[in-house]
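Given only the sequences and the hints, what does the whole structure look like? Please build it.
Chains as they are written, first to last, in full-length UniProt numbering: chain P, 1 to 385; chain Z, 1 to 385.
Quick caveat, the hints were computed from the structure, so don't treat them as lab data.
Since this is a predicted model, take the numbers as computed values, not measurements.
Copies of one chain are not kept apart here, so a pair can be met inside one copy or by any two copies together.
Cross-link-like lysine to aspartate or glutamate pairs, in silico, DMTMM-like; alpha carbons within 25 angstroms at most:
#	residue 1	residue 2
1	K228	E367
2	K228	E349
3	K228	D196
4	K228	D343
5	K228	E369
The lines below spell out each chain.
Protein chains: 2
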Amino acid sequence: MTAWERLGETTRREVLQARAYLSVVAEPPAPALARLVAERGPLRAVEAVRAHRVPREVRAEVEARSADACGEAALRAADTAGARLLVPEQPEWPAEAFAELSGARSVGLPGMAEPLALWVRGSGELAAMAGRAVSVVGARAASGYGEHVAAELGNGLAAAGHTVVSGAAYGIDGAGHRGALAAGGCTAAFLACGIDRDYPAGHSRLLRAIADQGAVVSEYPPGTEPRKHRFLVRNRLIAAMGRATVVVEAGARSGATNTANTADALGHPVLAVPGPVTAQNSVGCHAMIRSGQALLVTRVEQVLEVVNPLGTAPVEESTAQHRPTDQLSSDAQRLHDSLRGLDGASDVELAGDCGLPVGRVRALLPELELGGFASRGEAGWSAIR
Amino acid sequence: MTAWERLGETTRREVLQARAYLSVVAEPPAPALARLVAERGPLRAVEAVRAHRVPREVRAEVEARSADACGEAALRAADTAGARLLVPEQPEWPAEAFAELSGARSVGLPGMAEPLALWVRGSGELAAMAGRAVSVVGARAASGYGEHVAAELGNGLAAAGHTVVSGAAYGIDGAGHRGALAAGGCTAAFLACGIDRDYPAGHSRLLRAIADQGAVVSEYPPGTEPRKHRFLVRNRLIAAMGRATVVVEAGARSGATNTANTADALGHPVLAVPGPVTAQNSVGCHAMIRSGQALLVTRVEQVLEVVNPLGTAPVEESTAQHRPTDQLSSDAQRLHDSLRGLDGASDVELAGDCGLPVGRVRALLPELELGGFASRGEAGWSAIR
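Written out as structure tokens, the structure is:
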């Protein structure tokens with residue numbers, strides 16, 4: 001029996017209602033309210049908010065909505081949308097990942113705070129996902145190249161048992177999710193609007209597929225509109241969830257750069273995929289690599305090496321093809337070059353051409369003949385390959 | 001009067017003849033012969049070679065050719081080809097650059113040695129070039145992308161007064177030279193064959209143009225055929241000449257990687273241009289960046305920053321466009337987002353939407369109005385941009 005089950009049904013319902021109310025009453029991130037909840041627990045925190053007996057910082061976060069906020073309505077709307085409320089008291093809460101958002105590493109990061117609750121569609125267990133999650137983010141206006149690479153990475157990561165976390169946007173996000181789905185793997189989308197909103201509209205089928213094979217998640221209560229600042233606020237959850245964040249195409253100023261900065265600040269590795277230097281879409285990736293913030297990655301094995309250093313075979317850096325002459329000594333290769341240049345030559349001619357002493361040439365020629373690299377004919381020596 | 005002029009005409013001719021002979025008698029690099037010449041001077045070194053009174057290591061380097069070697073013939077052939085012999089005794093010799101090849105940094109590098117002489121076509125002064133040289137190297141089977149980038153770099157470097165050094169090969173080399181020529185700048189090609197050979201044949205016009213605007217250079221005496229190992233040996237001169245080496249497209253196993261390794265060993269910065277991770281042509285560049293051997297560069301300003309750190313303006317890393325709302329505080333931007341979402345809204349509605357206290361919203365709205373970001377109408381507040 002988990003601690004959550006031991007709470008008893010009544011308390012569990014009270015906690016869910018309190019957390020639903022907290023989710024509605026303050027615009028995330030609400031660091032002062034999060035601290036109050038951490039100190040007093042959700043039930044007493046909600047009482048204090050309702051009674052207007054809260055510190056000034058908390059009041060600023062809840063004042064605008066406390067008159068109308070209704071946790072019950074949000075829970076009903078979520079139920080209608082096929083979503084559930086996930087709270088930190090439940091074992092499925094990705095506690096370790098989100099603790100970083102209020103921990104030592106978040107000091108100095110503006111507006112960092114753990115989410116007070118999450119709205120979830122899909123049966124994927126977030127805590128289990130978080131342990132093996134890799135975030136794949138990038139430009140909405142991605143190129144065909146970028147989408148191809150993101151899909152390949154999403155596919156390879158999912159096939160290796162990792163959860164692909166992203167934001168369900170057009171472009172790189174969508175390609176990353178789709179790659180994971182195509183591998184029959186797990187993927188999670190974090191939204192910047194209510195869980196009942198299919199945003200972007202063109203991704204409604206994709207969002208259903210993500211919920212079927214993983215989870216669609218939002219910090220925002222049902223009915224919340226996507227607003228520009230919510231994308232930035234949402235990005236901290238993507239950064240915290242991923243054991244590493246891979247950026248595939250990012251302009252000089254982009255949401256993906258913001259996610260990467262947060263991941264970096266939280267101490268998570270940032271990886272970036274390069275592209276043509278003529279493409280504006282790769283400017284952000286190249287800048288991150290140049291500054292040392294991101295490690296350049298070109299394929300999924302290099303990502304796996306970072307997120308799972310003990311569990312993967314070392315990546316062969318070189319995909320160079322080997323030539324038969326590789327086995328030869330440098331003198332023998334030099335002589336072989338001359339054999340190819342002079343067809344039917346004497347040992348003295350060969351020595352003059354390659355500059356090796358004639359005695360060395362005479363010793364090497366039978367070696368090359370035995371190895372199948374040279375043959376002796378009537379006109380002299382010739383190369384075979 | 002230079003030290004070379006003070007030698008007197010007879011001695012100068014003797015030195016040239018001796019160096020021509022040394023150039024013919026040993027296949028470069030000839031480190032033992034180079035040491036002998038450094039110790040005894042070219043005239044006495046030639047006497048010793050001719051009399052077969054040389055250490056065993058030197059004998060191995062000169063044995064194959066000493067019977068037939070003729071410096072005079074090489075000088076005549078060069079003259080016919082419109083080339084001259086450049087020797088270390090002349091002020092035009094790029095002494096500083098090549099000294100590295102026999103200096104402390106070359107310890108442990110196999111086959112490093114200063115060239116014994118250079119054959120030169122064109123009036124470009126090598127010593128002057130060396131001080132401002134940047135090597136641009138890369139794949140022969142380059143892509144259109146790679147050639148475009150190499151030409152842009154060659155052009156920008158030459159326009160900034162740098163000499164573009166490369167190997168005159170098809171692909172990246174040729175594009176780098178052409179970019180420099182198009183800028184009316186200076187460029188130098190180092191060949192892996194005799195100076196009388198136009199290699200590759202398709203670049204004979206390019207080689208003439210390079211000689212006209214700079215120099216075509218070879219360590220090999222006239223008549224020498226291009227052989228595979230000569231390209232690798234030649235690469236050390238390109239690496240030593242460039243204050244930095246820029247690699248534009250290189251396969252996993254390529255001559256450009258070899259040049260980069262030598263430049264790195266000599267302590268010269270190596271820069272690499274990224275490309276699509278789907279292109280085999282960029283595998284070598286990406287590997288160098290990943291390993292930390294090369295710095296990623298995307299445009300000529302970033303190269304200039306490295307080769308001329310005090311003489312160039314700092315490079316703006318970000319080419320991001322600025323939006324008018326950038327000047328607003330984060331609260332004001334958040335409110336502006338809500339204004340854009342809700343057309344014609346009251347201050348209380350806006351506060352509920354964005355979650356800011358209504359008092360803060362009331363303070364911010366006139367600010368946004370003054371800045372031209374919001375307007376008050378009969379239906380309420382609206383966003384302007």
